[in-house]
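Participant: Okay, here's what each chain looks like letter by letter:
Number of protein chains: 2
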Amino acid sequence: MATSFSVKFDISDEPVEVPGGTLLTDAAEKAGIKINQPCGGQGRCGQCAVQVTSGQVRRRSTIRLSAEDVEDGYALACQTVVEGDLKVVVPPQEKIQQHLTTGQLAADVVVPSGYDYHKDQTIQRIPVTLKQPSMEDQTSDWARLKTAMLQETGLNEILISLPILQKLPTVLREGDWKVSPVLYVENGMEKEGSAEVVDLLPGLIPENIPLWGAAVDIGTTTVKVMLVDLISGEPKGQATEYNAQIARGEDVISRIIFAGKGEGDKTLRSLVLETINELLERACQRGKSCNDTIYKTILSGNSTMIHLLLQIPPSSIRLAPYITVANNIPVMSALEAGLRTHPTGKVICLPGVASYVGSDITAGVLSSGLSETEKITLFLDVGTNGEMVLGSKEWLVTCACSAGPAFEGAGVLHGMRATTGAIDEVWINEETKEAAWRVIGDGKPKGLCGSALISLLAELLMTGVINKSGRFDTSLDTKRVRKGSHGGEYVVSWADETEIDEDIILTEVDIDNLMRAKAAIFAGFSVLGESVGIPLESVEQVLIGGGFGQYINVEKAVQIGLLPDMPWERFQFLGNTSLKGAYLALLDLKNQQEISEIANRMTYIELSADNRFFDAFTSAMFLPHTDMTLFPSVKIGGDK
Amino acid sequence: MATSFSVKFDISDEPVEVPGGTLLTDAAEKAGIKINQPCGGQGRCGQCAVQVTSGQVRRRSTIRLSAEDVEDGYALACQTVVEGDLKVVVPPQEKIQQHLTTGQLAADVVVPSGYDYHKDQTIQRIPVTLKQPSMEDQTSDWARLKTAMLQETGLNEILISLPILQKLPTVLREGDWKVSPVLYVENGMEKEGSAEVVDLLPGLIPENIPLWGAAVDIGTTTVKVMLVDLISGEPKGQATEYNAQIARGEDVISRIIFAGKGEGDKTLRSLVLETINELLERACQRGKSCNDTIYKTILSGNSTMIHLLLQIPPSSIRLAPYITVANNIPVMSALEAGLRTHPTGKVICLPGVASYVGSDITAGVLSSGLSETEKITLFLDVGTNGEMVLGSKEWLVTCACSAGPAFEGAGVLHGMRATTGAIDEVWINEETKEAAWRVIGDGKPKGLCGSALISLLAELLMTGVINKSGRFDTSLDTKRVRKGSHGGEYVVSWADETEIDEDIILTEVDIDNLMRAKAAIFAGFSVLGESVGIPLESVEQVLIGGGFGQYINVEKAVQIGLLPDMPWERFQFLGNTSLKGAYLALLDLKNQQEISEIANRMTYIELSADNRFFDAFTSAMFLPHTDMTLFPSVKIGGDK
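Quick mapping for you: the protein sequence lines, in order, are chains A and B.
Per this note's numbering, the first sequence starts with residue 832, numbered consecutively.
Per this note's numbering, the second sequence starts with residue 832, numbered consecutively.
Excised from the complex, chain A in its bound form (with noise of 0.2 Å):
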């Protein structure tokens, strides 16, 4: 018989004894808590890590984690098995899906090749060795320092500020004269320009110590931190979470108006300043880095988002004539932006279009490869709102439709995020019409992801449950159609099957914003394409951005008319573009100027004074369309 053995988590009360050869998400059961494991403990998806402080287990697998990871403690708890007293720490990352390793980031963004930090960068270190004052050479600290960085750079100017002005002294001879000035040279080390000393340290530090930045892309719904390397390029941690002020509201709009509420404004900014700086924190952890010594922060985000991060006032971003108050934010000091860097580091805001198309869609256009393709391309970023461009690198068209946040699981009676308990894919018999589901976590279903949402509305139309204006056919024969308060309505899961102990439907009203949701985006890309003379099915690729994007089945998705009837191979997922812009601009001051360059190039069209739209809007509130040519590979079972 095995050895009792005490494990200990961190966000339980008491240790729980189990026998030894118990895996560590078995031991975290009898603990009362449950660890995400979307692959169903096969030790596939990495998102069951947890850090093991103290005591001794044994790993069947650690894929997924660096050797780095493991070295710190980090174990895949459905791999790995008590062997000893231990103290277990679960991350705070379970609770949403997100990146764990270094490993996983590497095959998500790889540093461009031919990243070349003496130029690309902006932010450099430059080691110098000062000549001693004497009697004979009463030079100033600053005028020393300044003249021997002059020399070793070929800059033209130099500026320092207060904050650094005080530490100098004491920086320069406690190195003995040796000192490693942090600058932040604003337009590039190949012209001859300016630079700013953002940080001085003592002595000469070679250059394989790593310096530190961070872009951040900042979500309505998550906010992603990823700390690099900037000298070698390499991303060396990121963390996910979500964006604290969505208790004040899911959406943008809700938000502004919180925001106009007495101190609401003030209470939004400083609710996403704790989820960055708490990011920050935790991926220099992972990092083994400090935020203090993050020198430049890359931020990207919706216009809305930008704007309350900064307490710039958004009200009129939600009121005709829809503007913002900039769309380009000066370049400002961590401490005045708020975050958790070195102080005077320096926060770069990537510059927006308008209201609804902001920095997210502008490093998106840019890390997508969009402004530099020949191929007429349509990019596309769903989340609350539908942001889409249109172009190649010749010419860039765009629009944002408030799509509203239906395919976020808002507004739809058993809507949710994709999260543990979320059902993110329904599968419908064609002969019995019942339904079969797969669950994020593996548990029982809670409701329905936005994935789920678009696969459920595509199964209910190819087996003719419902008919193309998004009507129930109550002459079934099964009990999952039924009239419901909401009018017809679908059951997807059986109360005693679910987590919240009540059926989990879909109701026409639903369906009704589903429908208007995918509508609007759709009725965009026609806009798009009519604006400058494009017919849809001249566009040669379609891109998808924003973390909704990666998880959309592309055949649902055209049965419902959500995306436009073309061959697949015509569609690419590409994960987070606006973080992967950022991280761009981050790395190379021509990116971070490429995405300057596209906002300005970007010719944006406002939907809700184009009477296009609302034709465009109204003739897509069919299913899959009324002009079903328009699909021609969508072929409905049940029609009648």
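Treat each hint with caution, since some may be false.
As the list claims (entries may be wrong) - The calculated lysine-lysine pairs, modelled on DSS-like cross-linking and capped at a C-alpha distance of 25 Å, are:
1) A:Lys1009 to A:Lys1067
2) B:Lys865 to B:Lys839
3) B:Lys998 to A:Lys1097
4) A:Lys1224 to A:Lys1206
5) B:Lys1421 to B:Lys1224
6) A:Lys998 to B:Lys1466
7) B:Lys1097 to A:Lys998
8) A:Lys861 to A:Lys918
9) A:Lys1092 to B:Lys998
10) B:Lys865 to B:Lys1206
11) A:Lys998 to A:Lys1009
12) B:Lys962 to B:Lys918
Hints in this document: simulated from the structure, not taken from any laboratory.
Since the structure of chain A is already known, use the hints to place chain B on it.
Facilitator: Okay, now just chain B, sitting in the frame of chain A:
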């Protein structure tokens, strides 16, 4: 019989009852308040001004008060009688000698002829009317404003900071798209340059509404603030106060030592900020302004004062090789500098040259006209240190000799600053060797201020009470010369005549300290002249700046060898040349740039490393000098 009235002074707990027709000075005395009357109550000096905030008075004279002052209730306490129940505010300036009225200011500081706000001033208020946004013109608020400002000004670039962005949408709508931005145009309006928005005011503000700036002179002992309307160029209010740092050390050296201990640097910073901020408020009260509307502040002061103000560690100033951390301080925001002016307003420290030649001297060189004159000129600022500049428009050499604070009353047994109760002039009868003296405020004496020390030393020498070595002739038939615990001493004032109930004396130790101080200064002259091969007699004018300079009796200063022996008409007293220089830089960018050029042009000679200085110092350790041919006009009566 006169009716009796009640007079309540703000600094007294209880009102006093006095008959109608009583002078305010007498009423004050009855209330236990001593109001400073340097001119002896003759209504000439204006130093006894108080503010009658309620009740009826009759002013016999309003000399040195402007019409506005009188309207505000200001009255000369020595010239004003009670005619009703009164409330009276005693301004704190009664503590020290200072200018009181804008009328007096005008005599000191004159708006330079040809001052043109539109061309010369770096702070510009630019009223613009914007096109309202519409669905056809969705330009962001900031882009809309920026475009209009660029058109209006012809500038190339205009930047904005976060605090201004935060108020932008509200101000634009409050002013119905009419707005008056306040710009800081670092390099002037004439060139196509860049600017920064430092404030936004709703509506179109006409040019007759003042635009405020401040000039501040931070002395080791005294801080002076001048409030200036940048449009007319006129000084509108001035205030003076002791530097609150005095409580932590009388001279720069003791302050540097204090700054190095624990949080001493923080303490000193907040003390001087307290002084400056209080003075700004006081000046604004007088100028009918509000310190939040001051958009530019120019600071001058010695290098230690500037370091301490900004909490830049000053210890290297004190230790060989005596260097500053910085002579050129970056332009700061008021928030950063700690000044309570408009938070995004600019604070500019004028550049210094070396540890002991600060911006008080470079500003002084500008305002004295030295840098533009054809004449060989010696500029001198005697305070704790003797800073001096020799030169003309062609060349400038400078040095500082640590004269020590003897002439400010420190290091002298009965020395004191030039405040109420200080003897400021002494005469000795050649026959009887009896002393006569004058006291500031006309009360009983408390001690001897700097000008009295010079007089006394000269009189003692000229009447043969001391010899050229500063030793007393103890053979004289007078009780005033006696042997004390510090060697020989002279009684200036007997205990029963004094406020301090003890004899006010000058000892041989005091004399030694004074001789060291004057010898250091004269040695400075010698080395400066020698270094450029110009004998002192070739100097065509001697310009004396600094608060102390105003009270020096040239004849007596020459007699003791403090000043070189030359015709009196070559000497000029310029008053506070540092504040005047800051005022000129505040008005006109060209002046500010000229001060930078002066700082660059000045050749600094380090005396502590110069053997010529020690030789010259030793030679000057006699009264007036070992080489009497240098002082042909000095005929010592009691010469033996």
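Participant: Hint by hint, note whether the structure agrees.
Facilitator: Taking the hints in turn, this is what the structure says about them:
no.: 1; hint: A:Lys1009 to A:Lys1067; verdict: violated, 29 Å
no.: 2; hint: B:Lys865 to B:Lys839; verdict: holds, 14 Å
no.: 3; hint: B:Lys998 to A:Lys1097; verdict: holds, 14 Å
no.: 4; hint: A:Lys1224 to A:Lys1206; verdict: holds, 8 Å
no.: 5; hint: B:Lys1421 to B:Lys1224; verdict: holds, 16 Å
no.: 6; hint: A:Lys998 to B:Lys1466; verdict: violated, 56 Å
no.: 7; hint: B:Lys1097 to A:Lys998; verdict: holds, 14 Å
no.: 8; hint: A:Lys861 to A:Lys918; verdict: holds, 15 Å
no.: 9; hint: A:Lys1092 to B:Lys998; verdict: holds, 16 Å
no.: 10; hint: B:Lys865 to B:Lys1206; verdict: violated, 47 Å
no.: 11; hint: A:Lys998 to A:Lys1009; verdict: holds, 14 Å
no.: 12; hint: B:Lys962 to B:Lys918; verdict: violated, 53 Å
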